[in-house]
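A.B. asks: Spelled out, the chains give:
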Amino acid sequence: MNTLRAAWLVALKDLQLEMRTKEILTSTGLFAVLVVTLGSLAFYTDPISSPNVAPGVLWISILFCGILLIGRSWALERENDAVFGLLLAPIPRPSIYIGKTISALVLLVAIELLLVPLCLVFFQIEPAGILLPLLALVFLGSLGFVSTASLFSAVGIRTRARDLMLSVLVFPLVAPALLASAVATRELFAGAGMTEVIGWMRILLAFDLLFVGFGVWVSRHLLAET
Amino acid sequence: MKPPVLRCRHVTKRYGKFTALKDLSLEVYEGEIFALLGPNGAGKSTLIHCITGLAKRSEGSIEVLGFDTVNDFRTTRRLVGLVPQEIGYDPFFTPLESLMIQMGLMGVEPNRSRAESLLETFALGDKRDAYTRTLSGGMKRRLLVAKALVHDPRLLFLDEPTSGVDVELRRELWQEVEDLRTAGTTIVLTTHYIEEAEKLADRIGILHKGELLLVESRESLLERHGGRPLEDIYLELIRKADGRHAA
Ligand SMILES: Nc1ncnc2c1ncn2[C@@H]1O[C@H](COP(=O)(O)OP(=O)(O)O)[C@@H](O)[C@H]1O
Ligand SMILES: [Mg+2]
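Those protein sequence lines, which keep their order, are chains E and D.
Those letters in the first sequence? Residues 20 to 245, per this note's numbering, in order.
Those letters in the second sequence? Residues 29 to 275, per this note's numbering, in order.
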């Protein structure tokens, strides 16, 4: 079985499980709504300054939801030693990581489809003309973030100190990508031109390629047999 | 004699500075039931993990039907099945779903009727649509056996499948093991219940502190010791080895 097909099976298993329990989507979804509401209440001043604040609230929500969601997805695997089924299968170890990343990304995007409109409404930002580029920015930012965060949850399969690892290693690693995402979103809200936004997308895409490549490479060792 | 299904040569396994397996060589032959006995911590699970790909040997070679378990892991993992010592399961999938998913992961076409017949075999037919977490411990263990069989392995490892299992279920499990062997599967099992190994196994290996003290057919072992119970022979060997270690 090739790596991508195996990864797809792993992702499918996760998504099937989520369709069953809806645990991650409900808990993370509620959390997202809470963060955005709180953020908009706390930081909203007037329609002029709100486009400056909204990107921060949006990306903080994405960050929190992502961490929550990824941690949960790997915890489910670990809790009942369910991961045995994966480790015994004739599939290369990176495909477990890739599959988990795909399923986490799908779930995060689902949450974001709720989060983004909510943000626009609460901060009174006119969606016309910016919705598509905004979604693209959100997707690109999330991809880089998820692929890195997933990596450090994978460590948890082997070590106890997973949460520590996650915070210590993920945040500095994804910081540049998250900053770029937030700044790009702010520029977009401030009425930046398409060429400028595409420039930001290029940067994010470069980050993504770097993080995904790094993830696949490192996961081979992280998930390796003890 | 038939060619070996499993061939371990000079296998050493270290966890950091601790050596869990020392220069271990072992062959297991087609169609036999091989019982691996040994006290807790002897390295039974470690050996099985090195073969099935959960652990990585430090030295030596391991082949399943001539395929190396590291270089040809895709092939060997299709050939072996493992019922792990710890009960692992997906709590929110039903037994039927678990089997179907495992088929996919093992690289065989998910086949509902085969999954159903496996569940029947392990008396889980009426539980096939229940959440796995609602199953009793014994049922979960039977599901694990079914899961280990979805890809029709040629070599099946049962790592203490009867620990914490009641007498009735234990009998049933051993019957199933016999049936599997009759159907042509080679079986390696570890157990605490030595009298069971005595009844079931064709050959017996005794592992102690990472070293194989003995590998012999059950018949010749019992004969050599004038028909004494296997348990006595086992204890004597372990004590002797302990004495040697202490010295
Ligand atoms: N992942 C591991 N890391 C470190 N030591 C281990 C690990 N797994 C097993 N061991 C050690 O290896 C020895 C053999 O363990 P194991 O193979 O589980 O024994 P058995 O299955 O015969 O009871 C034990 O001393 C155990 O503590
Ligand atoms: Mg063991």
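Rather than coming from a laboratory, the hints here were simulated on the basis of the structure.
All C-beta atoms, glycine included, are put in the ideal place defined by N, C-alpha and C.
Check the hints yourself; a few may be wrong.
[As the list claims (entries may be wrong)] For lysine to aspartate or glutamate, the following DMTMM-like pairs were computed, each having C-alpha atoms within a straight-line distance of at most 20 Å: (1) D:Lys168 to E:Glu145; (2) D:Lys50 to D:Glu223; (3) D:Lys237 to D:Glu206; (4) D:Lys45 to E:Asp100; (5) E:Lys41 to D:Asp157; (6) D:Lys168 to D:Glu137; (7) D:Lys237 to D:Glu251; (8) D:Lys168 to E:Asp100; (9) D:Lys227 to D:Asp180; (10) D:Lys237 to D:Asp260; (11) D:Lys50 to E:Asp100; (12) D:Lys237 to E:Asp100; (13) D:Lys268 to D:Asp230; (14) D:Lys227 to D:Asp270; (15) D:Lys168 to D:Glu196; (16) D:Lys227 to D:Glu239; (17) D:Lys84 to E:Glu98.
[What the hints assert, rightly or not] Computed footprint of chain E on chain D; a stretch qualifies when at least three of its residues, placed anywhere within it, have a C-beta under 8 Å from a C-beta of chain E: (18) 114-120; (19) 195-203; (20) 214-224.
[What the hints assert, rightly or not] Selected chain E positions facing chain D (in silico; Cβ < 10 Å): (21) Leu57; (22) Arg91; (23) Val102; (24) Ile110.
A.B. asks: All hints, please: hold or fail.
C.D. replies: Each hint, compared with the structure:
1. D:Lys168 to E:Glu145: Measuring from Cα to Cα gives roughly 55 Å; hence the hint is violated.
2. D:Lys50 to D:Glu223: Status violated; Cα separation ~27 Å.
3. D:Lys237 to D:Glu206: 29 Å, violated
4. D:Lys45 to E:Asp100: Distance ~26 Å between Lys45 of chain D and Asp100 of chain E Cα, so the pair is violated.
5. E:Lys41 to D:Asp157: 18 Å, holds
6. D:Lys168 to D:Glu137: 23 Å, violated
7. D:Lys237 to D:Glu251: 26 Å, violated
8. D:Lys168 to E:Asp100: 12 Å, holds
9. D:Lys227 to D:Asp180: Cα-Cα ~25 Å, so violated.
10. D:Lys237 to D:Asp260: Roughly 19 Å between the alpha carbons, so the hint for Lys237 of chain D and Asp260 of chain D holds.
11. D:Lys50 to E:Asp100: 28 Å, violated
12. D:Lys237 to E:Asp100: 26 Å, violated
13. D:Lys268 to D:Asp230: 24 Å, violated
14. D:Lys227 to D:Asp270: 26 Å, violated
15. D:Lys168 to D:Glu196: 15 Å, holds
16. D:Lys227 to D:Glu239: 24 Å, violated
17. D:Lys84 to E:Glu98: 23 Å, violated
18. 114-120: holds (count 7)
19. 195-203: violated (count 0)
20. 214-224: violated (count 0)
21. Leu57: Given a least distance of 31 Å, the restraint on Leu57 of chain E is violated.
22. Arg91: 13 Å, violated
23. Val102: Result: holds, 7 Å to nearest chain D Cβ.
24. Ile110: At about 7 Å, which falls below the 10 Å cut-off, the nearest Cβ of chain D leaves the hint on Ile110 of chain E intact, so it holds.
Of the hints listed earlier, those the structure fails to meet are numbers 1, 2, 3, 4, 6, 7, 9, 11, 12, 13, 14, 16, 17, 19, 20, 21 and 22, in rising order.
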